[in-house]
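Q: Residue numbers (my numbering), protein chains in the order written: chain D, 1 to 327; chain L, 1 to 614.
Since the hints were derived computationally from the structure, they do not count as laboratory data.
One or more of the hints may lead you astray.
Unchecked claim - Stretch-level coverage of chain D by chain L, calculated; a stretch enters the list once three of its residues show a Cβ under 8 Å from a Cβ in chain L:
(1) 84 to 94
(2) 157 to 168
(3) 187 to 197
(4) 273 to 282
As the list claims (entries may be wrong) - Pairs of lysine-lysine residues, derived as DSS-like cross-links and limited to a Cα-Cα distance of at most 25 Å, are as follows:
(5) D:73 <-> L:188
(6) L:206 <-> L:187
(7) L:412 <-> L:327
(8) L:369 <-> L:418
(9) D:73 <-> L:187
(10) L:333 <-> L:369
Said to hold, decoys possible - Pulled from the structure, derived: some chain D residues nowhere near chain L, Cβ distances all over 12 Å:
(11) 2
(12) 6
(13) 22
(14) 130
(15) 136
(16) 141
(17) 219
(18) 226
(19) 303
(20) 305
(21) 310
(22) 312
(23) 318
Glycine included, C-beta positions come from ideal geometry on N, C-alpha and C.
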Amino acid sequence: MSTRRYLISKVLQALLTLAFVLAFNFFLFRGVGDPATELLRGHSGISRQAVEQLQRQLGLDLPLPQQFVHYVKETFQGHLGYSYFYNLPVSRVIAGRIWPTVLLIGLSTLAATALGIWIGIRQGWRRGSKYDQGMLGFTLFTYSMPEFWFGMLVIMAFAVGVGPFPALFPTGGYETVGASYTGFAHMIDVVNHMVLPFFVLTLAYLGEYSLIMRSSLLETLGEDFIVTARAKGVRENRVLYGHAVPNALLPTMTVTILQLGFVISGVITIELIFNWPGLGLLTATSVDQRDFPVLQGLFLLFSASVIVANLVADLLYSYLDPRVRAG
Amino acid sequence: MGGTGILVAVVMLTTASFAGIAGAQSATPSPAKETQFIYGVTAPNSSLNPLVGYLGIDYTIWSLEYNLPIEFATKDFGADLEQSIVTSVDTSSDNLSFTYHMRSGLKWSDGEPFTANDVAWTLNFYKERNISNYAGDMSIIKSVEATDDTTFVINAESPTSVLNGQSVWMYDFILPEHIWSTIEEPKKFENVPTVGSGPWVVTQQKPGDLVRMERNPNYWGTEIGLTPHVDVIIEKVFNDENQMAAALQRGEIDFGFFDSANILNSLSTTPNIETHGAQIPLFDELAFNSGSAFQTNKAGGFVPHGDGIHATSDPAFRRAVAQAIDKQTLVDKVYGGYAAVADSPVQPGATTGNWDPPPEEALSFDLEKAKADLTAAGYTDTDGDGTVNDPETGENVVLRYYTRTSDQNTIKTAPFVKSWLNEIGVGVKVAAVSSSKLTNIILAGDYELFHWGWFPNPDPNYILGIFTCEQRAPRPGVYDNNDSYFCDPAYDQLYEQQLTATSTEERVEIVHQMQQILYEQQPYMMLAYTNYLEAYRTDRFTGYTMQPEGVGDLLATWGPFGFLSIRPVTGEAAGEAKSEGIPGWVWIAVVVGLAVVIAGIVLGRRRVSDEDRV
Numbered sequence: 001m002s003t004r005r006y007l008i009s010k011v012l013q014a015l016l017t018l019a020f021v022l023a024f025n026f027f028l029f030r031g032v033g034d035p036a037t038e039l040l041r042g043h044s045g046i047s048r049q050a051v052e053q054l055q056r057q058l059g060l061d062l063p064l065p066q067q068f069v070h071y072v073k074e075t076f077q078g079h080l081g082y083s084y085f086y087n088l089p090v091s092r093v094i095a096g097r098i099w100p101t102v103l104l105i106g107l108s109t110l111a112a113t114a115l116g117i118w119i120g121i122r123q124g125w126r127r128g129s130k131y132d133q134g135m136l137g138f139t140l141f142t143y144s145m146p147e148f149w150f151g152m153l154v155i156m157a158f159a160v161g162v163g164p165f166p167a168l169f170p171t172g173g174y175e176t177v178g179a180s181y182t183g184f185a186h187m188i189d190v191v192n193h194m195v196l197p198f199f200v201l202t203l204a205y206l207g208e209y210s211l212i213m214r215s216s217l218l219e220t221l222g223e224d225f226i227v228t229a230r231a232k233g234v235r236e237n238r239v240l241y242g243h244a245v246p247n248a249l250l251p252t253m254t255v256t257i258l259q260l261g262f263v264i265s266g267v268i269t270i271e272l273i274f275n276w277p278g279l280g281l282l283t284a285t286s287v288d289q290r291d292f293p294v295l296q297g298l299f300l301l302f303s304a305s306v307i308v309a310n311l312v313a314d315l316l317y318s319y320l321d322p323r324v325r326a327g
Numbered sequence: 001m002g003g004t005g006i007l008v009a010v011v012m013l014t015t016a017s018f019a020g021i022a023g024a025q026s027a028t029p030s031p032a033k034e035t036q037f038i039y040g041v042t043a044p045n046s047s048l049n050p051l052v053g054y055l056g057i058d059y060t061i062w063s064l065e066y067n068l069p070i071e072f073a074t075k076d077f078g079a080d081l082e083q084s085i086v087t088s089v090d091t092s093s094d095n096l097s098f099t100y101h102m103r104s105g106l107k108w109s110d111g112e113p114f115t116a117n118d119v120a121w122t123l124n125f126y127k128e129r130n131i132s133n134y135a136g137d138m139s140i141i142k143s144v145e146a147t148d149d150t151t152f153v154i155n156a157e158s159p160t161s162v163l164n165g166q167s168v169w170m171y172d173f174i175l176p177e178h179i180w181s182t183i184e185e186p187k188k189f190e191n192v193p194t195v196g197s198g199p200w201v202v203t204q205q206k207p208g209d210l211v212r213m214e215r216n217p218n219y220w221g222t223e224i225g226l227t228p229h230v231d232v233i234i235e236k237v238f239n240d241e242n243q244m245a246a247a248l249q250r251g252e253i254d255f256g257f258f259d260s261a262n263i264l265n266s267l268s269t270t271p272n273i274e275t276h277g278a279q280i281p282l283f284d285e286l287a288f289n290s291g292s293a294f295q296t297n298k299a300g301g302f303v304p305h306g307d308g309i310h311a312t313s314d315p316a317f318r319r320a321v322a323q324a325i326d327k328q329t330l331v332d333k334v335y336g337g338y339a340a341v342a343d344s345p346v347q348p349g350a351t352t353g354n355w356d357p358p359p360e361e362a363l364s365f366d367l368e369k370a371k372a373d374l375t376a377a378g379y380t381d382t383d384g385d386g387t388v389n390d391p392e393t394g395e396n397v398v399l400r401y402y403t404r405t406s407d408q409n410t411i412k413t414a415p416f417v418k419s420w421l422n423e424i425g426v427g428v429k430v431a432a433v434s435s436s437k438l439t440n441i442i443l444a445g446d447y448e449l450f451h452w453g454w455f456p457n458p459d460p461n462y463i464l465g466i467f468t469c470e471q472r473a474p475r476p477g478v479y480d481n482n483d484s485y486f487c488d489p490a491y492d493q494l495y496e497q498q499l500t501a502t503s504t505e506e507r508v509e510i511v512h513q514m515q516q517i518l519y520e521q522q523p524y525m526m527l528a529y530t531n532y533l534e535a536y537r538t539d540r541f542t543g544y545t546m547q548p549e550g551v552g553d554l555l556a557t558w559g560p561f562g563f564l565s566i567r568p569v570t571g572e573a574a575g576e577a578k579s580e581g582i583p584g585w586v587w588i589a590v591v592v593g594l595a596v597v598i599a600g601i602v603l604g605r606r607r608v609s610d611e612d613r614v
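Using the sequences and the hints, build the whole thing.
A: Put into structure tokens, the structure is as follows:
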């Protein structure tokens with residue numbers, strides 16, 4: 001298959017997937033109940049007229065096909081709709097949440113990738129050593145540990161301060177509420193708020209990368225070209241970093257790029273526990289509030305970022321390993 | 001790239017990201033120190049626009065930004081003409097026309113004059129647009145006109161006492177005409193920054209995260225001694241209550257509204273923190289389907305629907321069952337003591353007349369009496385299977401009883417109720433469903449019993465109105481408020497009469513009769529007046545004032561007076577925002593140290609590599 005045809009087919013596949021997601025989103029959220037009554041019941045001021053007024057306002061009085069056409073048309077014009085709950089444009093609700101999520105999840109993913117690869121390389125190179133065994137146990141433990149539980153322990157220890165643990169960091173949030181810090185002071189404020197969730201997430205992601213890197217390196221070390229390099233008298237350090245690691249990095253790289261696609265969707269449990277005002281937290285609260293337009297907007301954004309990350313991984317992989325393109 | 005290379009890249013990226021955070025902020029110096037009061041809530045605001053928001057926390061903010069024509073008194077939700085924009089009301093002899101006299105020289109926060117024209121424009125706007133938050137109040141108002149800058153006249157549809165200024169009928173926030181009359185789609189107006197007339201106005205909103213309010217420089221109240229002691233009020237949203245509790249313990253917030261009694265109890269033993277269960281208009285009920293399938297009264301276009309069983313349409317059955325519910329046990333075991341036993345939907349402390357049954361008429365908890373009353377009404381176990389049979393249909397009486405997955409108290413109540421009802425021979429099938437699903441079940445009339453609650457206005461008109469025949473869901477799927485399908489023409493007549501009673505005393509008398517009917521017929525088995533759960537730091541602010549007096553909400557959120565009364569504990573410092581976490585220089589030392597270590601490793605490796613090449 002020529003490079004051009006390969007590229008076109010991959011991009012088309014991505015676009016088709018996105019179109020499917022767009023349609024699926026619409027019907028998915030309409031299966032969970034009438035938001036008008038959900039929003040209003042129990043409060044003073046509600047009446048039959050109020051519910052009907054809200055249904056009209058939300059466009060829920062129109063037949064489903066008409067709602068669908070309207071939805072597709074608006075989405076293509078860049079309008080993600082109007083939040084039922086916040087009574088604001090969806091784009092305005094979502095926009096303010098992107099940066100905190102990208103910052104927290106992006107940095108933890110990068111840190112976990114770097115540390116994980118580093119640990120994985122050292123484990124693979126010294127297979128069976130005490131370091132390998134110890135790290136295997138540690139990374140499996142952190143990988144399998146529920147993040148929300150670990151997060152709660154970390155808050156108790158380092159934010160509230162229990163027993164010998166000092167209350168060093170804020171309990172959550174993105175910045176000190178009510179403070180008007182600017183410049184460097186603001187940066188330090190955000191860093192202080194991010195330390196605990198960053199720590200929890202990095203530990204939680206670490207195992208995935210180190211385990212993949214370790215097994216990938218072990219496989220590569222058994223290849224003929226490694227034996228050849230050693231037979232030629234190449235130094236061990238060079239065998240590792242010049243020959244084995246570049247080849248073993250391919251699977252880790254794929255996982256990393258795919259994981260970066262998920263960065264935007266945040267980590268709901270962590271954002272909830274640390275009250276981190278990102279997209280994960282917005283997803284959780286929007287589910288609670290049956291806020292279809294916000295959920296539709298979020299799912300579209302999440303799907304698009306994963307699809308784009310897949311596409312990038314496909315294209316990059318085909319560039320780094322031409323066998324993929326040929327196959 | 002080797003492992004260290006990746007580490008170096010990550011450190012560089014991290015540094016770049018933080019530089020980005022710093023760069024995203026303007027380099028303006030921090031403003032002068034200001035007194036801040038931060039309160040935490042467990043759900044975000046629905047809107048800061050008073051035409052569309054509907055949550056209690058939205059009303060709290062509007063109460064600080066806007067004025068009602070007559071404010072709720074902190075003491076008892078009565079009319080507080082001393083501290084309102086309206087100072088007196090003249091009633092015409094036919095009780096149809098009401099002349100309101102306002103203070104002079106009032107201003108909006110943007111400096112524009114605030115006159116009777118704003119009041120007339122707002123009330124007419126609410127009526128013409130049929131704004132649901134205010135439609136109930138407007139139903140009795142025919143028209144409003146400003147006769148001069150400080151006088152407006154309200155003409156009523158029929159003679160009434162509710163507009164005579166002796167109680168707060170108009171829970172209607174007055175908006176600035178010069179802002180709102182120019183907006184093309186008022187319901188889509190974000191309303192930030194706000195132009196208001198209250199002591200504080202919203203200057204910033206991060207949807208779902210926080211709302212910031214700052215002092216209104218033109219607040220009229222300072223002239224009558226209503227001087228704010230707080231410069232900035234911040235409402236901070238926490239989506240996890242444990243997190244909010246931890247923030248309160250650390251002093252990141254000064255006050256929090258909680259949902260969980262367990263968390264409040266755990267906070268009550270923490271130094272410098274006080275907890276409080278506030279009695280406010282808020283109740284939980286077990287509602288019967290009192291006849292959606294059997295009633296023939298066509299008020300409101302009602303068509304019989306649903307498959308609710310016959311027994312719950314019989315008041316004698318409902319009264320007997322009501323005696324099998326031990327409300328005190330529920331208050332203690334389910335609500336953790338943060339509630340009071342309830343008998344009427346009009347709560348004690350509401351402005352216009354709570355009624356409680358006299359002891360001889362009370363349907364107290366007594367399983368033997370309940371069983372005897374069931375037998376007397378014909379509900380006996382005719383087939384010997386342990387469950388009573390309906391005298392009309394002969395079938396076992398088994399109630400479908402719904403709880404809500406979003407409210408743990410409803411779920412915790414169910415086992416108690418089930419065991420009590422089983423003891424008197426009534427079968428129960430409990431199911432927990434979402435609020436949305438339960439709404440559909442209620443509108444279809446496919447239930448016998450459910451557990452829900454209401455957050456009524458202090459005036460009883462609204463909550464008593466939900467029991468009128470007109471407010472039954474007319475057909476499956478069409479919403480209306482009368483979720484117990486209670487319908488009694490005598491009750492409806494009293495409802496109309498209380499609206500048109502020409503003296504407050506006469507109205508109270510009618511409102512009492514209505515509550516008595518509800519008690520005797522038990523469409524709702526009232527369970528508990530549930531509390532607002534509040535906790536606050538004692539070392540930050542003082543001067544909290546409860547509404548109603550001595551038992552209610554510490555921030556008196558039915559008006560601005562609670563927030564106006566709080567002040568920092570020790571001079572100015574207690575109310576300032578405080579920095580959190582490790583100081584900046586420590587972080588610089590950490591980053592520099594990390595960079596040195598990494599550089600050392602890289603250089604060391606390079607040296608080894610050079611040696612390899614030799």
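Q: When you look at the beta carbon of residue 2 (chain D), is every beta carbon of chain L farther off than 12 Å?
A: holds (31 Å)
Q: So residue 141 (chain D) supposedly isn't at the interface. Is its beta-carbon more than 12 Å from every beta-carbon in chain L?
A: holds (21 Å)
Q: When you check the alpha-carbon spacing of residue 369 (chain L) and residue 418 (chain L), does it fall within 25 Å?
A: Since the Cα atoms of residue 369 (chain L) and residue 418 (chain L) sit roughly 18 Å apart, the hinted pair holds (cutoff 25 Å).
Q: Minimum Cβ separation between residue 318 (chain D) and chain L greater than 12 Å?
A: holds (21 Å)
Q: Under 8 Å between beta-carbons, do enough residues of the segment 273 to 282 of chain D, three at least, approach chain L for the coverage claim to hold?
A: holds (count 6)
Q: Regarding the assertion that residue 136 (chain D) does not contact chain L, is the least Cβ-Cβ distance greater than 12 Å?
A: holds (17 Å)
Q: Is it correct that the beta-carbon of residue 6 (chain D) has no partner in chain L closer than or equal to 12 Å?
A: holds (27 Å)
Q: Report holds if the minimum CB distance from residue 310 (chain D) to chain L is greater than 12 Å, and violated otherwise.
A: holds (23 Å)
Q: Take a quick look at whether residue 73 (chain D) and residue 188 (chain L) sit within 25 Å of each other, Cα to Cα.
A: Roughly 21 Å between the alpha carbons, so the hint for residue 73 (chain D) and residue 188 (chain L) holds.
Q: Taking the minimum C-beta separation from residue 22 (chain D) to chain L, is that value above 12 Å?
A: holds (24 Å)
Q: Run the C-beta distances from residue 130 (chain D) to all of chain L and say if the shortest one exceeds 12 Å.
A: Given a closest Cβ separation of 19 Å, the condition holds.
Q: If you look at each residue in the segment 84 to 94 of chain D, do at least three have a Cβ nearer than 8 Å to any Cβ of chain L?
A: Holds: 6 residues of the segment 84 to 94 of chain D have a Cβ under 8 Å from chain L.
Hint compliance for this structure: every hint is met.
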